[in-house]
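Taken in order, these protein sequences are the chains called A and B. Quick note on the working numbering: the first sequence kicks off at 31 and runs consecutively. Quick note on the working numbering: the second sequence kicks off at 17 and runs consecutively.
Everything labelled a hint here was simulated from the structure, so no lab data went into it. Take these hints with a grain of salt, some might be off.
[Unchecked claim] Pairwise CB distance ranges (calculated):
1. Phe285(A) to Val134(B): 54 to 62 angstroms
2. Ser241(A) to Tyr273(B): 47 to 55 angstroms
3. Ile289(A) to Phe75(B): 28 to 36 angstroms
4. Leu174(A) to Val134(B): 40 to 48 angstroms
5. Ser241(A) to Thr154(B): 53 to 61 angstroms
6. Lys211(A) to Ala151(B): 28 to 36 angstroms
A virtual CB, placed ideally from N, CA and C, is assigned to each residue, including glycine.
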Amino acid sequence: MLSAYIIHLLILIGIYLILAMSLQLAMGFSGLLNLGHIAFYAIGAYTSALLALAGCPFWLCILCACLLAMAFGHLLAIPTHKLKGDYLALATMGFTFVVYAVALNWTDLTRGPLGLPGIPKPNLFGLDFSSNFNFLFLTIAIALITYLIIKQITRSPFGKALQAVRDDELAAQVLGKNTFKLKSYSLATSAFFAGIAGSLYAHYVTFIDPSSFTIMQLIPVLAIVIIAGLASLRGTIIAAIILILLPEPLRFIGFPSSIVGPARQIIYALILILILIFKPTGFFGKVKLE
Amino acid sequence: MFLQLLINGLIAGAIYALVASGFSLIYSTCKFIHFAHGAVVTFSVYIAYLLFSNLGVNFWLAIILAVAFAAFLGWLINLIVYKPLRNRKTSPVILLVTGFAVLILLESLILMFFGADVKTIDFIEIAEGWQFFGAVITPLQIVIIAVALVLFVLLFLLMKTTRLGKAMRAVSDNKEVAEVVGIPAEKIYSWSFIIGSAIAGIGGILIGLEQNLEPTMGTNLVIKGFTAAIIGGIGSVPGAVLGSFLLGLAENFGIWYLPSGYKDAIAFVILFIFLLFMPHGILGLKRK
């Protein structure tokens, strides 16, 4: 029983890791304070769930999930590319609320607050991932691939250009970089991986409803990124593991789940506030948050 | 139908304006988006509920205590969260993110202590609304609009005629110059938080009398508040009031065509449009 619990935690860590690393790409490496990350996660989860329920194979579900999330990432970049700082944060946060409202109200498609039950466990080219143990391997494999790809992106000339935009947008423009293109590619790629995380989540818990995709859900992801420090992937891995495990002892102390839920949020929010006040670069951060 | 939507829009506008005016006051002096303002609203209404409905305190006393607590909470958030950040010259966007974390923290505290179930403050028994050319309006709704209007006049007079109001406008205009002539900016910031939060507290209680209490009501309200503030021109208190009424009307006329669940989405589409095309709003000052 305990090992099943540990497997569950590891899967959660994997999903949050993918989410946090993709947010690092937008926030840490490109300097886009994107508070709409949960919206891409939601788009991925709903796309994948709806396709799977319609009978599509898992590989098609996850592919469509991340491509659609990516398309929305690109779409969001078009109107917001001129916005900076707090205005960008607000506009992207607004996007989360719009996606949430659509998930809640487009009942013909999403069944609204009733949610989508019975999402099939994945089956990839004959490999069966229906047991949690096998699903863990899938999650770890995808998290690892995500890590390697994002690592490669940040080392590539494209990634260097992104960091240049983050540090000094005007200078990057003077050097002939199309900063709109760079920022929109970054946001789209970031959304792509958030879509993967959403798809994994949907197939893992097999039930999704709009309440899994509120702005509240951003707090753990944001806390992971900020504790790790901007532009540090290694830090992100460590922070994701620590933060997901941190509230778990609450369960063993014997608090009812109506207390554990809010207590988790309190812990994350408190850590986030303390880090922002006392250690704004995070523990592994290379750049200052601005 | 038209008249009913107009009245509903005005009521919603008055409610948003109570949140937005305090929010805008704080923005105008401190120059950052105080996201935790929503939590101040929620706390005020839950304190009123706790005192009046649970402990049986006299209603008016409960209201006064709740508003005082809201003012205290706003002051406290500024002191222990925003002030250290400001001292380190943190950018406004970090203050926004920190405020967002404070909002989630405080809302989760309410969720933990009061539970997620919907609550009501049963002070006013459900009165039959007055018929008014085929539209219905309840006495409470008239009180909401009246209290809102009185508060705005008082706030306006405070800003225009008192020493404190003048000092606030001076800090809002140019903090450095204000400090050079001897206006203590930190003290003015504290006062903005106290006054803004007290207005939010009054707003919260009026909302609590009109609607149900939910732990997450503040998030929704602060978002409506800043959407209204951006429509009217962020940093301008009259602008925030104007923006609130426009937003209330737009939402209520919008659901003429769309399912009512899309109300919140309408606010965001408007927010998007203003951020993109009119970031200074209708009455706002240009940002540097």
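Quick rundown of the hints versus the structure:
no.: 1; hint: Phe285(A) to Val134(B): 54 to 62 angstroms; verdict: violated (23 angstroms)
no.: 2; hint: Ser241(A) to Tyr273(B): 47 to 55 angstroms; verdict: violated (27 angstroms)
no.: 3; hint: Ile289(A) to Phe75(B): 28 to 36 angstroms; verdict: holds (31 angstroms)
no.: 4; hint: Leu174(A) to Val134(B): 40 to 48 angstroms; verdict: holds (44 angstroms)
no.: 5; hint: Ser241(A) to Thr154(B): 53 to 61 angstroms; verdict: violated (31 angstroms)
no.: 6; hint: Lys211(A) to Ala151(B): 28 to 36 angstroms; verdict: violated (52 angstroms)
When each numbered hint is compared with the structure, violations occur for hints 1, 2, 5, 6.
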